[in-house]
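Student: Sequence:
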Amino acid sequence: MISITKIKRKSLGYRVLDYIKFFIYCEKRRVFCKGYRRLKATRMKGHINQKDYVKSLREIYNDVIELELDYFDIRYLRL
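For the sequence shown, the numbering used here begins at 19 and goes up steadily by one.
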């Protein structure tokens, strides 16, 4: 028979891993937000043209989508 303490320890371990994964997700998300703000400021200063801005913006957008799919694990919903 499995004791209650083993179940609690096991579920606590899962929760800790979930928090760690969520923390990593938040850190990566923050990096993408900083990249977006930096890109936007560079565009406003006129250091890059519209074409490069849109290209870089699309790359950030695609990376964020991949991050969301990895964290929320909804790859099976893709076509």
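Don't read these hints as lab results, they were simulated from the structure. One or more of the hints may lead you astray.
[Said to hold, decoys possible] Straight line, CA to CA, 30 Å or less: simulated DSBU-like cross-link-like pairs of lysine-lysine:
1) K52 <-> K63
2) K39 <-> K69
3) K58 <-> K69
4) K39 <-> K52
5) K69 <-> K46
6) K58 <-> K39
7) K63 <-> K73
8) K63 <-> K46
9) K73 <-> K52
10) K46 <-> K58
11) K39 <-> K63
12) K73 <-> K58
[Unchecked claim] Simulated restraints, written as ranges between beta carbons of each label pair:
13) G64 <-> E84: 29 to 35 Å
14) K73 <-> E45: 33 to 39 Å
15) Y89 <-> K58: 33 to 39 Å
16) T60 <-> L35: 16 to 22 Å
17) D70 <-> K46: 19 to 25 Å
18) M62 <-> K39: 30 to 36 Å
19) D36 <-> G64: 41 to 47 Å
20) Y37 <-> V72: 34 to 40 Å
21) F40 <-> I83: 31 to 37 Å
Just so you know, these numbers come straight off a predicted model, no measurement behind them. We put the CB at the ideal spot given by N, CA and C, even for glycine.
Student: Hint by hint, where does the structure go against what was stated? Just the numbers, ascending.
Tutor: 2, 11, 14, 15, 16 and 21
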